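A.B. asks: So you can see what is in the structure, the chains are spelled out below.
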Amino acid sequence: MATKPTRLEVNCMTGEESIIELTNAEIAQMEADAAAFATQRAAEEAAAEAKAELKASAKAKLIAGTPLTSEEADVLVL
Amino acid sequence: MATYTLISSTTVATATASVTFSSIPATYTDLVLRCSNRTASGGVETLNLQINGSTATNYSSTNVRSNGSAALSSRTTSDTSATMYTSAWSSITANVFSSGEIYIPNYTVAQNRQIETFGVQENGAVAAFNTASASLYRNTTAITSLTLIYTGGNDHLAGSSFKLYGISNA
Numbered sequence: 133m134a135t136k137p138t139r140l141e142v143n144c145m146t147g148e149e150s151i152i153e154l155t156n157a158e159i160a161q162m163e164a165d166a167a168a169f170a171t172q173r174a175a176e177e178a179a180a181e182a183k184a185e186l187k188a189s190a191k192a193k194l195i196a197g198t199p200l201t202s203e204e205a206d207v208l209v210l
Numbered sequence: 484m485a486t487y488t489l490i491s492s493t494t495v496a497t498a499t500a501s502v503t504f505s506s507i508p509a510t511y512t513d514l515v516l517r518c519s520n521r522t523a524s525g526g527v528e529t530l531n532l533q534i535n536g537s538t539a540t541n542y543s544s545t546n547v548r549s550n551g552s553a554a555l556s557s558r559t560t561s562d563t564s565a566t567m568y569t570s571a572w573s574s575i576t577a578n579v580f581s582s583g584e585i586y587i588p589n590y591t592v593a594q595n596r597q598i599e600t601f602g603v604q605e606n607g608a609v610a611a612f613n614t615a616s617a618s619l620y621r622n623t624t625a626i627t628s629l630t631l632i633y634t635g636g637n638d639h640l641a642g643s644s645f646k647l648y649g650i651s652n653a
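Protein sequence lines correspond, in order, to chains A and B.
For the first sequence, the positions run 133 to 210 when the numbering used here is used.
For the second sequence, the positions run 484 to 653 when the numbering used here is used.
Note that these hints are calculated values from the structure, not bench results.
Predicted model only: the values in this text are computed from it and were never measured.
No residue lacks a Cβ here, since even glycine has one placed at the ideal position from N, Cα and C.
Be aware that a few hints might be false.
[What the hints assert, rightly or not] Derived list of chain A stretches under chain B, where covered just means 3 residues or more per stretch with a C-beta under 8 Å from a C-beta of chain B:
#, region
1, 143 to 149
2, 198 to 204
[Stated by the list, open to error] Distance windows between CB atoms, simulated:
#, chain 1, residue 1, chain 2, residue 2, range
3, A, S189, B, T488, 52 to 62 Å
4, A, E153, B, P508, 22 to 32 Å
5, B, A496, A, L208, 25 to 35 Å
6, A, E148, B, A608, 51 to 61 Å
7, A, A205, B, N622, 42 to 52 Å
[Unchecked claim] Derived SDA-like pairs: lysine to any residue, alpha-carbon spacing no greater than 25 Å straight-line:
#, chain 1, residue 1, chain 2, residue 2
8, A, K183, B, K646
9, A, K183, A, E163
10, A, K136, B, A539
11, A, K187, B, L555
12, B, K646, A, T138
13, B, K646, B, G551
Work the whole structure out from these sequences, hints included.
C.D. replies: Here is the structure:
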């Protein structure tokens, strides 16, 4: 049987340290948090990638002397 | 003059999902948590903080993170924990830990909690991150426990250490 994840608790009054198995509810919360984090990270990475592409496109158009889109101008001046 | 008093400290001996300081005495003005930490994650992951064991959606954080080539600003709201800083992770240079300081003023006063954090991660090779964050926990109960977790649900690796200080006369 797989062992459950644990948590470390330090009692500041007594100095006692305890290693405690997570409850099913705590495991479920941890898994939900992890899923939310993965979604958030994917969104951040997608936004960063899109911004980099806009910057590259804006630079190329500036060099070529062609008009920029509003979104391309935004990444240069905002 | 403000004085720092070590309340408690711990070093993780075996990988564990969270580290909690409980029964924090109410005898100081502010709290400071110094962290030297490394996550079991195989990639970028953020250290997060929960207060009094609460996982209610009462946390929000504004963060700025830089790595020398790009800066990223982000904000989380109605979250189940407060976002602290980018941690050292398992696949970077061995024995490298990130360092961070979490400052919590007026932790016994009946007001919403402000959390101010600065953390750095230098991997000893080609990547480094600086993170600064300002967080809010919307609850006025005095703080009696602090829990450190990773947003991706990964473990704190052995060797990670945490020191909780109380500040008097801040």
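A.B. asks: Next, verify each hint and record whether it holds.
C.D. replies: Now for the hints, and whether the structure bears them out:
Counting residues of the region 143 to 149 of chain A whose C-beta sits closer than 8 Å to any C-beta of chain B gives 6, which meets the bar of three, so the coverage hint holds. Counting residues of the region 198 to 204 of chain A whose C-beta sits closer than 8 Å to any C-beta of chain B gives 0, which falls short of three, so the coverage hint is violated. Against the hinted window of 52 to 62 Å, the Cβ-Cβ separation of A/S189 and B/T488 comes to about 56 Å, which satisfies the hint. About 27 Å separates the C-beta atoms of A/E153 and B/P508, a value consistent with the hinted range of 22 to 32 Å.
Take B/A496 and A/L208: their Cβ atoms lie about 52 Å apart, and the range 25 to 35 Å is violated. Distance hint for A/E148 and B/A608: a CB-CB separation of about 39 Å, inconsistent with the stated range 51 to 61 Å. For the hinted restraint 42 to 52 Å between A/A205 and B/N622, the CB-CB distance of approximately 43 Å keeps it satisfied. For the suggested pair A/K183 and B/K646, the alpha carbons sit about 39 Å apart, so the restraint of at most 25 Å is broken.
Taken as a hint, the A/K183 and A/E163 pair is broken in the structure, with Cα atoms around 30 Å apart against an allowance of 25 Å. In summary, the hint linking A/K136 to B/A539 is supported, as the alpha carbons are separated by about 23 Å, within the 25 Å threshold. A C-alpha spacing of about 15 Å is found between A/K187 and B/L555, which places the hinted pair at or below 25 Å, so the restraint holds. Between B/K646 and A/T138 the alpha-carbon distance is near 20 Å, which keeps this suggested pair within the 25 Å criterion.
For the proposed pair B/K646 and B/G551, the alpha carbon gap of about 29 Å is over 25 Å, so the pair is violated.
This entry does not satisfy hints 2, 5, 6, 8, 9, 13, going by the numbered hints stated previously.
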